[in-house]
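Participant: Below are the chains, spelled out letter by letter.
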Amino acid sequence: MHTTRRNFLKLTGSAAVALGGLDAILAAKRAPLFAQANPVKIGVLPIKSGVAATVGEGGMRGFQWGVDRINAAGGILGRKIELFIEEETNPKDTTERFRKLALQNKVDMVSGGISSAVGLALGPVAEEMKMIWVSWDATTQKGIEETMPKPKYSFRSTDNECEAVMTSIMAAKHWKGKVKTAAGLNLDYTYGRNNWDAFQAITKKYDMGLDYVLDLWPKIGVTDLTSHVAAIAQKKPDIVFASLVFAELPIFMKQAHAAGLTQTTKFIFPPAGLQHTAMKKAFTPDGIIFGHNSMYFEAPNASPLLKQFTKDYHEKYQDYPHFESDRAYSAIMVYKAGIERAAKAIGGKWPTTDQIIQGMEGVEIESFGGPFKYREDHIPDCNFYAGFTTSKNRYDFSTIDPVEIMHTKNLQPPTGMGFFKWIESWKA
Amino acid sequence: MIEAALAIVLGGVFNAAILFLVSAGLQLVFGVQKIVNLACGSFYALGAYFGISAVQWALGAGTPRPLFLAVLLLSGVALAAIGPVIERLLRTIYARDESFQMLLTFALVLMFEDILRIVWGPRTHVMGGGLYTLYGQLPFGAVKIPVYNLLVILAALAIAILMGLFLARTRFGRIVRATAENREMSEALGVDMARVYARVFTLGTALGTVGGALVVTSTAASLDMGIELIVDAFAVVVIGGLGSMRGAFVGALIVGVLKAVSIATYPELELMAVYMIVIAVLVLRPAGLFARATA
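Keeping their order, the protein sequence lines are chains A and B. Start counting the first sequence at 1; every next residue gets the next number (the numbering used here). Start counting the second sequence at 1001; every next residue gets the next number (the numbering used here).
Keep in mind that a hint or two might mislead.
Claimed, not checked - Computed footprint of chain B on chain A, listed as stretches where at least three residues anywhere in the stretch have a Cβ under 8 Å from a Cβ of chain B:
| id | stretch |
| --- | --- |
| 1 | 53-59 |
| 2 | 232-242 |
| 3 | 329-336 |
| 4 | 357-366 |
| 5 | 383-396 |
| 6 | 407-418 |
Unchecked claim - So, partial list: chain A residues that the calculated Cβ filter (under 8 Å) puts toward chain B:
| id | residue |
| --- | --- |
| 7 | Ser49 |
| 8 | Gly50 |
| 9 | Val179 |
| 10 | Tyr212 |
| 11 | Leu216 |
| 12 | Gln275 |
Quick caveat, the hints were computed from the structure, so don't treat them as lab data. All C-beta atoms in this analysis are idealised placements derived from N, C-alpha and C, irrespective of residue type, glycine included.
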């Protein structure tokens, strides 16, 4: 065919239109490729009932807040998140729900886990099923050392002892030379016993010269601590180190205050943050070392993210958030960041599970408490908050001021190192 | 030293006072209706939550603060209005096997826990405002004893005496005792059994709800508080004897004081000490200290 100038223009014009159209079609297909695909399915295991329900509720609220924001911004690489919410109860039932989420709901990831016992059971199941599990708060030192030495699919919590380490260091820093005797009042399970061991090891390391005069082990959920208060009063310790996590904490404080114990004794409450709004000014004295774990809602360094979350939380629930919200929020945000990082490395495709895991390792996100990332052994590095109680605030409960912030690099042993060997290695 | 020991024992007696109220409700219902009502722990928890709300509402409405104890008592009594409703449900299983009865009342425990969570949320509820120490504190060696604790002990004692008088001296009390002894004979003599059951169950409910309302000032309302108490209440009824009011009184004292002394002397024995007594009673006097053995 003879090609005239007019024919040539027609041909190239048509080709350009055709190519342009094709490009547009391809672009349209490429950009919303994941948007048109199924949603990202995520299983959640919050505690909903019993004494720890308040912990699960705080976690679920933080997790949901994160998911809502991700979905409002278009999802993860264009895929919206769909939640499958089950429940954390005992280890056996929770692992069965984990399997159900994986096999029946075919979720892409499971998040949740607060109880140490449940965490120790979930880890091996996650590894066996090759399912990514991002824990909120379920890990103990024993678990790290023995049950999951090198996890691939499990992303765990910080050492449970972190808050005990931080508050014990604060006690040494502020009270060394001013106190001679200490009593322990710690919940009768792994967490409480680990914390009391940590306190004794650290105060010995700092050469505080403490005499440990009493150790009491109330059961979880106990609603009367008058006998414990009387037993403590009898020994007259200078410090009471109390790892009380649930309703036992305000009950103890109330009964200790009524018995006059707060006039003569100093207190350390490592995990108090979970009950912070129940610690009413009427019975909570100033000057208690009070741990808030990985987030303090009124932190002096509060980011716009934390301020927004606290504002939204208060408007919606007429309450103030505790650190479990931070644990759960960081879980979903690390998963999202891991996918995006992995996708970028492979040219924008949706990554495989192994690639997502690689993406999650070491990726840093901003959580409510500050920068958050997982170490190579899948244990988080983040900030921890504690301080001295004060009643000088606009609430009906005690807050902390001054607030001290420490990083987990100084609160938990490095990868592969035992807890007590790590403390021995300190230059106190 | 003696003052310290007395303070520890008083702590145990305070715990025993609350245990007695809940156990007495359990005993009364079993004595007459032959139902082991596990939901007595739920009534106790409900009384605590409702008591906090009632006090907050009453103080907000201008009630003088010293009257908060009266508000708590009234809220506990008012809450007993749920008794007839629950009893109506239990009528369907009076003739069934005991295991069905326990299953149904356990189902009620779980349902009530959900109701508490839905209405009040899962967080711990605490009565603030210094109400616990409003009536003052008495110096007692190294510790101070809140006057409120003594008032609760006195209230439990008064309720025990009134219950005794009610069962021994009133016409309805005699009917209740007759029904507990021989239901068929009482029915044959014209006793309206449905009415007796509804009233007895309501009274049992009131003992639990009043117990919960009274205790919440010194403690806190939390979802598990009912289940926690049921365990101790069962130790009380095994020691005292199922169905015996005197048994509830003595059993509660034994459990409360024994736990307090264990905590002060050898904390690891807190639970074991109580269950050693339970085992001893089961082996040596299976019907309990105050119940008559049946063939």
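Participant: Would the hint on tyrosine 212(A) stand, with a C-beta cut-off of 8 Å toward chain B?
Facilitator: Tyrosine 212(A) check fails; min Cβ-Cβ to chain B is 13 Å, beyond 8 Å.
Participant: Is the listed coverage of the stretch 329-336 of chain A by chain B valid when you require three or more residues with a beta carbon under 8 Å from a beta carbon of that chain?
Facilitator: Coverage by chain B is violated for the stretch 329-336 of chain A (0 residues, Cβ < 8 Å).
Participant: Report holds or violated for the interface hint on glutamine 275(A), using the least CB-CB distance to chain B and a cut-off of 8 Å.
Facilitator: 6 Å, holds
Participant: Quick check: the stretch 232-242 of chain A, covered by chain B? Criterion 3+ residues, Cβ under 8 Å.
Facilitator: With 3 residues in contact (Cβ-Cβ under 8 Å with chain B), the coverage given for the stretch 232-242 of chain A holds.
Participant: May I ask you to test the interface hint for serine 49(A) with respect to chain B, counting a Cβ-Cβ separation under 8 Å as satisfied?
Facilitator: OK, holds: serine 49(A) within 8 Å of chain B, min 6 Å.
Participant: Quick one, is the valine 179(A) hint okay against chain B at 8 Å, beta carbons?
Facilitator: It is violated, given that the least Cβ distance between valine 179(A) and chain B is near 17 Å, above 8 Å.
Participant: Does glycine 50(A) pass the interface check with chain B, least Cβ-Cβ distance below 8 Å?
Facilitator: 5 Å, holds
Participant: Classify the hint on leucine 216(A) as holds or violated, based on whether any CB of chain B lies nearer than 8 Å to its CB.
Facilitator: 5 Å, holds
Participant: Examine the stretch 383-396 of chain A for residues whose CB is less than 8 Å from any CB of chain B, and state whether their number is three or more.
Facilitator: With 1 residues in contact (Cβ-Cβ under 8 Å with chain B), the coverage given for the stretch 383-396 of chain A is violated.
Participant: Would you say the stretch 357-366 of chain A counts as covered by chain B, given the rule of at least 3 residues with C-beta under 8 Å?
Facilitator: Coverage by chain B is violated here, the residue count being 0 at a Cβ distance below 8 Å.
Participant: Is the coverage entry for the stretch 407-418 of chain A by chain B consistent with the three-residue Cβ rule at 8 Å?
Facilitator: Not satisfied, violated; 0 residues make the cut.
Participant: Can the stretch 53-59 of chain A be counted as covered by chain B under the rule of three residues or more with Cβ-Cβ separation shorter than 8 Å?
Facilitator: With 4 residues closer than 8 Å to chain B, the stretch 53-59 of chain A meets the three-residue bar; holds.
Hint check: violations occur at hints 3, 4, 5, 6, 9 and 10; the rest are consistent with the structure.
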